[in-house]
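Make the full structure from the sequences, and use the hints.
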Amino acid sequence: MQLPKMAKAEQIFNQPEITDIAAKIREELEKNKLKTRVKQGQRIAVTAGSRGIANIPLILKTVVAELKTAGAKPFIIPAMGSHGGATPEGQIEVLHSLGVTEESVGAPIESSMEVRVIGSLPDGVEVYLSRIALESDGIFVVGRVKPHTDFKGEIESGLLKMMAIGLGNQKGAEMIHWHRYDGYHRILPEAGKLIAEKTNIVMGLALLENAHHGTAKIHALHPEEFYEAEKQLLEKAKDLLPRLPFKEIDVLAVEEIGKNISGVGMDTNVTGKFWMPGEHDQRAPEIKKVAVLDLTEETHGNAIGIGLADVTTRRAFDKIDYHQTYVNCLTQGSGETGKIPPYLANDRDAIATAIRISGPIPPREARVIRIKNTQELDTIYISEALVRELQNNPELQKRLKIVDELKEMQFDVLGYLAR
6 MQLPKMAKAE QIFNQPEITD IAAKIREELE KNKLKTRVKQ GQRIAVTAGS RGIANIPLIL
66 KTVVAELKTA GAKPFIIPAM GSHGGATPEG QIEVLHSLGV TEESVGAPIE SSMEVRVIGS
126 LPDGVEVYLS RIALESDGIF VVGRVKPHTD FKGEIESGLL KMMAIGLGNQ KGAEMIHWHR
186 YDGYHRILPE AGKLIAEKTN IVMGLALLEN AHHGTAKIHA LHPEEFYEAE KQLLEKAKDL
246 LPRLPFKEID VLAVEEIGKN ISGVGMDTNV TGKFWMPGEH DQRAPEIKKV AVLDLTEETH
306 GNAIGIGLAD VTTRRAFDKI DYHQTYVNCL TQGSGETGKI PPYLANDRDA IATAIRISGP
366 IPPREARVIR IKNTQELDTI YISEALVREL QNNPELQKRL KIVDELKEMQ FDVLGYLAR
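The numbering of the sequence shown is the working numbering, which starts it at 6 and goes up by one.
Keep in mind the hints are simulated off the structure, nothing from the lab.
Among the hints, erroneous ones may be present.
[Unchecked claim] Derived DSSO-like pairs (lysine-lysine); straight-line CA-CA distance at most 27 Å: (1) K78 with K40; (2) K40 with K73; (3) K403 with K241; (4) K203 with K73; (5) K222 with K198; (6) K38 with K222; (7) K344 with K324; (8) K377 with K412; (9) K198 with K176; (10) K241 with K10; (11) K36 with K176; (12) K377 with K403; (13) K198 with K38; (14) K377 with K324; (15) K222 with K10; (16) K406 with K252; (17) K252 with K293; (18) K377 with K243; (19) K344 with K10; (20) K236 with K29; (21) K241 with K36; (22) K40 with K29; (23) K36 with K78; (24) K293 with K377; (25) K293 with K29; (26) K10 with K293; (27) K29 with K10; (28) K222 with K243; (29) K203 with K44; (30) K13 with K406; (31) K13 with K36; (32) K38 with K13; (33) K66 with K40.
Structure representation (structure tokens):
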């Protein structure tokens with residue numbers, strides 16, 4: 006098959022970005038009177054998740070330093086549900102892969118999968134919390150606010166989710182996910198509120214990222230502010246979310262997926278491939294077929310999200326850690342995102358197959374986009390059919406520009422894309 010030529014293009018995102026992150030955090034914590042919320046010698050658990058949040062080592066280091074200045078004894082606690090294979094060692098390994106180490110943040114890391122039931126919601130759903138978090142003198146929640154990949158509601162991913170699912174470890178995450186059909190959008194914030202009532206939440210640091218995967222906004226919040234503040238921040242996060250510039254796409258070739266990129270490996274808000282029945286995003290594109298070419302190193306073999314692809318490669322298949330993937334899928338309450346699609350010998354065969362099964366179109370005329378991952382959409386590659394559409398759309402030209410001419414896709418001798 007003769008594949009379509011591709012042109013390198015850059016999306017134009019005019020969005021805010023904080024240049025001095027440490028200074029902004031100090032400003033927010035001082036404004037919200039951190040020093041009055043901790044006492045001398047208190048052990049404060051600072052949450053760290055499994056996502057590849059921009060500048061997370063620096064953010065945690067600054068929070069730790071400010072807590073020490075206030076007289077506390079901070080430590081890092083993994084808040085990532087079942088990730089890392091649902092083992093203490095695995096979760097520490099995930100943090101290390103994100104650059105979060107005891108040396109980089111200036112505080113010890115304490116990890117355990119033990120949990121305690123702290124109460125129940127009105128409909129009987131039990132809420133679990135990390136034993137380590139419960140035994141601390143207080144919890145400082147650090148989290149990124151963004152649209153969730155599974156459901157839509159007033160509250161999606163953020164501080165409340167970090168508390169209800171992240172700090173619930175495998176058992177707590179499983180319990181919340183089991184009741185997803187009763188309404189994630191209701192259960193998740195209710196669980197977060199219960200945790201805030203039953204524990205000492207010192208403060209939260211809500212982070213927003215821009216389309217360049219940079220830190221756009223930082224807000225320190227008191228626990229009683231979490232719910233209303235997150236509703237407003239979520240709307241801002243939706244506007245900041247990077248998106249593909251075309252509405253109709255035959256094939257999306259994704260170079261890599263992983264837990265550090267998204268909870269389901271690739272952001273469904275970008276691909277439109279929601280696995281939960283009835284969920285959709287009107288701003289997401291209509292993509293016929295998705296080819297996943299590889300897993301990130303940071304995902305440690307967790308291939309959740311591979312089931313949202315139509316084809317993949319032998320290279321990606323060989324990297325799958327089935328224990329980590331299946332623990333994550335079962336905790337999520339569904340095997341859909343962990344199903345293995347047909348895997349082809351290499352990138353070339355995977356892309357060609359995706360085009361072949363996308364419909365009765367000449368391969369050279371296929372509407373193809375190639376991206377690194379769903380988090381990094383500044384630079385993309387678009388096929389000749391999409392280049393023509395761009396040339397005929399003045400409004401689109403304000404948001405997307407061609408930076409290199411149309412060329413044949415370049416593969417190495419093994420059939421993998423030259424990157």
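Verify the proposed pairing of K293 with K377, using a straight-line Cα cut of 27 Å.
19 Å, holds
Can the restraint linking K377 and K403 be considered satisfied, given a maximum Cα separation of 27 Å?
Between K377 and K403 the Cα gap is close to 22 Å, so the pair holds against 27 Å.
Satisfaction of hint between K176 and K36, Cα-Cα up to 27 Å:
It is violated: about 36 Å lies between the C-alpha atoms, which goes past 27 Å.
Assess, step by step, whether the Cα of K222 is no farther than 27 Å from the Cα of K10, and give holds or violated.
Measuring from Cα to Cα gives roughly 39 Å; hence the hint is violated.
Holds or violated: K403 to K241, with C-alpha atoms at most 27 Å apart
21 Å, holds
Is the straight-line distance between the alpha-carbon of K13 and that of K406 27 Å or less?
Judged against 27 Å, a Cα distance of about 9 Å means the pair holds.
Under the criterion that the straight-line Cα-Cα distance not exceed 27 Å, is the pair K344, K10 satisfied?
31 Å, violated
Under the criterion that the straight-line Cα-Cα distance not exceed 27 Å, is the pair K236, K29 satisfied?
With Cα atoms ~22 Å apart, K236 and K29 stay inside 27 Å; holds.
Given the hinted pair K252 and K293, is their alpha-carbon gap at most 27 Å?
Between K252 and K293 the Cα gap is close to 11 Å, so the pair holds against 27 Å.
For the pair supplied as a hint, K222 and K198, confirm whether the alpha-carbon distance does not exceed 27 Å.
Holds - the C-alpha atoms of K198 and K222 are around 23 Å apart, at most 27 Å.
Does the structure keep K40 and K29 at a Cα separation of 27 Å or less?
16 Å, holds
Is K78 close enough to K40, meaning Cα to Cα at most 27 Å?
13 Å, holds
Taken one by one, the earlier hints fail for this structure at numbers 10, 11, 15, 19, 25, 27, 31, 32, listed in ascending order.
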